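Undergrad: Build out the structure end to end from the sequences listed, making use of the hints.
Start counting the sequence shown at 1461; every next residue gets the next number (the numbering used here).
Please note: incorrect hints may appear among the correct ones.
As the list claims (entries may be wrong) - Here are the simulated DSS-like pairs of lysine-lysine, each with C-alpha atoms no more than 30 Å apart in a straight line:
hint, residue 1, residue 2
1, Lys1590, Lys1530
2, Lys1530, Lys1462
3, Lys1590, Lys1462
Stated by the list, open to error - With beta-carbon atoms standing in for the labels, derived distance ranges:
hint, residue 1, residue 2, range
4, Val1566, Met1461, 36 to 44 Å
5, Lys1590, Thr1509, 40 to 48 Å
6, Asp1586, Asp1505, 32 to 40 Å
7, Ser1561, Thr1509, 33 to 41 Å
8, His1595, Leu1537, 16 to 24 Å
9, Thr1534, Tyr1503, 31 to 39 Å
Rather than coming from a laboratory, the hints here were simulated on the basis of the structure.
Just so it is clear, the structure is predicted and the values come from calculations on it, not from any experiment.
Don't be surprised by glycine CBs; every beta carbon is placed ideally from N, CA and C.
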Amino acid sequence: MKFDTKIAVLVRDDLETWQRLNVTAFVVSGIAASQPQVIGEPYEDADGTTYLSLLGQPVVVLEADAATLKAAHTRALSRELPMSIYTGEMFTTGHDEANRSVVRAVPRDDLDLVGIAVFGPRNGVDRSVKGARLHP
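TA: Written out as structure tokens, the structure is:
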């Protein structure tokens, strides 16, 4: 099945494995929270046990260096695509309010971006993340 929209996660290539996984989980949650149409139906196993709904479309996870990540951020903003971000400073906090505070303290062009998730029309998302490569 081909979707008209795309979800792309872009993580910086110099992060530790645990950081990449953490960033991916957080930025995808931003897309899921703001785009209810991407959520599928709840799951149920053969015994009738129910499980939470997941995203109803694939997510591509990419990696790039800091410059490519910054360029993708700029391109996604220029296309007005819904985007969630994760900055390096957020690794030093312990809760959502503190995360928002460290982001709020830094001008957009100076953000130490370590990950973003972008949602929107396939072409717009593809153009935004141009230069990134599939995460290994």
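Undergrad: Could you tell me which of the numbered hints above are not met by this structure, giving the numbers in increasing order?
TA: none
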